[in-house]
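Colleague: One letter stands for each residue in the lines below.
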Amino acid sequence: MKNALLLAVLVSVAALAGCGGEGSGTAHPDAVVEGQPPAAPSGWSISEGPTSYDSETLFEYLNGGAPLYLDYGFASLTQTRYQLGDDPFASVTLDVYDMGSELGAFGIYRGILPPEPDIMSWGAEGYRSGTVAAAWKGTVYVHGEADDDRPELVAGLEHLMGRAVAAIEGSAVLPPILEVFPRNDLRAGSERYVAADLFGHAFLPGGFVAGYQRDGGEVELFFSEMGSAVEAEEALELLRAHETEWGEVGADIDGFGEGGFRFTDPGLGPGLVVRRGNWIAGAHGAVESDDLVQGLLTRLPRD
Amino acid sequence: MKCVEKGIDRRRFLKLGAMTSGLVVGGCSGSEGSPGEPAPAEMRFRDLGATGLKVSEISFGSYGFDNPALLAAALDQGITTICTSANYQNGRAETSIGKAIANLGGRRDELVLFTGDMFKANATKGGVLDAIDASLRRLQTDHVEIYRITNVTSLDELRIDALYDAFAEAKAAGKVSCLGLSGHHGGMQEVLSAAVDDGRYKVLFTKYDFASYPDQDRILETAAKKGIGTMVFKTNAGNRKNEIRDLETGGLSFRQATIKWALSHPYVASVCVGITNFDEIKEYASAVGKPLDEAEVAMLRRYSDEMYDRYCRFCGECEGRCPNEVAIADVNRYAMYFKYYGREKDSMQLYEALGSDRAAAACADCEGHCDGGCPFNRTVRRELVEAHRLLSFRGGEA
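Just so you know, the sequences run in chain order A and B. My numbering puts the first residue of the first sequence at 1, with every later residue one more than the last. My numbering puts the first residue of the second sequence at 304, with every later residue one more than the last.
Bear in mind the hints are in silico, worked out from the structure with no lab data behind them. Here the structure is a predicted model, which is why all the values come from computation and not from measurement. Be a bit skeptical, because a hint or two may be false.
[Claimed, not checked] Quick list of in silico lysine to aspartate or glutamate cross-link-like pairs, EDC-like style, CA-CA up to 16 Å:
id, chain 1, residue 1, chain 2, residue 2
1, B, LYS593, B, ASP433
2, B, LYS357, B, GLU413
3, B, LYS544, A, GLU56
4, B, LYS423, A, GLU145
5, B, LYS423, A, ASP149
6, B, LYS423, A, ASP148
7, B, LYS402, A, ASP265
8, B, LYS474, B, GLU413
9, B, LYS544, B, ASP501
10, B, LYS529, B, ASP501
11, B, LYS585, A, GLU245
12, B, LYS423, B, GLU413
13, B, LYS428, A, ASP148
14, B, LYS423, A, GLU56
15, B, LYS478, B, ASP433
Work out the full structure: start from the sequences and follow the hints.
Modeller: Now the structure itself:
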């Protein structure tokens, strides 16, 4: 899967590099992050902005969505609205977010990825789904939206997305930590980074999840790194207490990891969780064997 | 005018002071104890205007919500009003709620579901109907109690005939019950007032806190008289609590206090809070039924005092007083770009594009009529003089 993604990234980078001579309006690398949006394509003009938002003013733009972006490390946003010709209802809005880290950009991208998008060759990953498009590269997450699905607007959306992402410097590969997920049965593109409150638990400081398609059904694997082994132990006990209150706690796990137990959660279904040093790892869903969790434990970095 | 505007917050805090003496502000139903007695820690419900709906005083804000069990846990705490939108995480929030609803069985009837979408002024009836159907599919339900147009920023986006036509058709089909709107931008007062006058919107969903929007009390009161229900969010006035040392000492919860403050308003039916973990459910739910105590009032007062005049909200309230028609909000915004965003050249170009008739060149010699116009007591003229010096290629020249 990773090889396929890397190939896609390389192809996209090569394609964008081939379009480098885009004329005098092309923003220099990272200019889009510093408040200089891509120049308007021929026939288009900038009708609003660029407008900048920081962590204090993001609420004015995103309303209830702002806390999620802040959790992922949001640093700044530059919003620009482009208009085709004289029609005020023929516009594309381009939002360029500096998420502060590659993990933050990846996390927010995967976190709000719609089902079955059209994958695009933008940055590390990109998609378009109807009138919405998004991509990430380096620490930057780019989101674009057209007013409606007229072909000329969708074409403008794709053009602006491509130019914006091409102007961003930074890595176009997936975060290396994702490699700890076992490869067999992994659903392509299912890995996510959750910045806070993994599965709704304030005592889990975020973590990583990935989906697997197994013979018995879907399984989600997860892991989270705590600050110390003691904190990991405490978190495991809090999880046990939570499942005692809200779900069911099953048998203890003795064969691998430390302090593990099985549970049935009202939202997550059946699962298991164990600790290894600073790490908490587990699985939920159609968990018929423990091999995925055991495989994950062996691949997690040593403390 | 000046006294009224500046008196708003003082009046609010007087109201808070009264509550600490045991005065329970009316407008709510449910299990109310005698004045002065602490209310039981269980959810209470209020009439949502004249819609016939009863909403829990705490509503479940679903952005970032990622575990269906959270919604079930919220329901167990009596949080039966669920706020979401098609544009929350590209529909993921609705999908998560749908999974939870699928497991609720007959308990769906306990919920007041509140969803919606953004629509531009050129939206079509078919497009709105499609959006409603898509939300219902994701939510795994055949109807929602409230459907709202979200992120309204101007009157053009408020008066969309296609939206009204589509809503009427969907309502006739039993898919939606009440039309609402939400918005949170500066200048929302104009939109809210127009929506109240319009009469077709039955629910307002708006930002509301103890440090902003001086006109909102009056607007919400007018709405209530017309049977329009109000739900609020962003009650924490920017949530900059971490910038104030020891604000929450002694076991105080700033978030709980802001919720209590909002619920003290007789025209607020429910406070919507983002919920992403189980702890928050208990924290927020336990704010219900308890009036603010003196320590909480002092905490909010301190927050307001320390944060009150730190930033321009770009509300434009002061512009009406300016004899020179200076675009004060824009000038302040450009100065912010210059000072805090490192966009010196860009901000100067934006300022130049304003034109000399809207720039702040005349402010240096002005009496400062704007100073009395800021509902947040900011010294506007002095800031405009400074902004002009920063942004003008020719410094302070007229």
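Colleague: If a hint holds in the structure, say so; if it does not, say that too.
Modeller: Against the structure, the hints:
1. Only pairs whose Cα atoms come within 16 Å are accepted, and LYS593 (chain B) paired with ASP433 (chain B) is rejected, the gap being roughly 43 Å.
2. For the proposed pair LYS357 (chain B) and GLU413 (chain B), the alpha carbon gap of about 10 Å is at most 16 Å, so the pair holds.
3. For the proposed pair LYS544 (chain B) and GLU56 (chain A), the alpha carbon gap of about 12 Å is at most 16 Å, so the pair holds.
4. Between LYS423 (chain B) and GLU145 (chain A), the direct Cα distance comes to roughly 12 Å. Compliance with the 16 Å bound is thereby established for this hinted pair.
5. Distance restraint check for LYS423 (chain B) and ASP149 (chain A): the Cα-Cα separation of roughly 13 Å lies within the 16 Å cut-off, and the hinted pair is therefore satisfied.
6. Annotation: proposed proximity of LYS423 (chain B) to ASP148 (chain A) holds, straight-line Cα distance about 9 Å (limit 16 Å).
7. Distance check on the hinted pair: LYS402 (chain B) and ASP265 (chain A) sit about 14 Å apart at the alpha-carbon level, within 16 Å; holds.
8. Restraint check for LYS474 (chain B) and GLU413 (chain B): not satisfied, since their Cα atoms lie roughly 20 Å apart, outside the 16 Å limit.
9. This hinted pair does not check out: LYS544 (chain B) and ASP501 (chain B) have alpha carbons roughly 38 Å apart, beyond 16 Å.
10. Of the pairs offered as hints, the one joining LYS529 (chain B) and ASP501 (chain B) holds, with about 11 Å between alpha carbons and a cut-off of 16 Å not exceeded.
11. Only pairs whose Cα atoms come within 16 Å are accepted, and LYS585 (chain B) paired with GLU245 (chain A) is accepted, the gap being roughly 14 Å.
12. Between LYS423 (chain B) and GLU413 (chain B), the direct Cα distance comes to roughly 32 Å. Violation of the 16 Å bound is thereby established for this hinted pair.
13. Between LYS428 (chain B) and ASP148 (chain A) the alpha-carbon distance is near 13 Å, which keeps this suggested pair within the 16 Å criterion.
14. Under the criterion of a C-alpha separation no larger than 16 Å, the hint pairing LYS423 (chain B) with GLU56 (chain A) is inconsistent with the structure, at around 27 Å.
15. At most 16 Å may separate the alpha-carbon atoms for a hinted pair to count; LYS478 (chain B) and ASP433 (chain B) meet this at roughly 12 Å.
This entry does not satisfy hints 1, 8, 9, 12, 14, going by the numbered hints stated previously.
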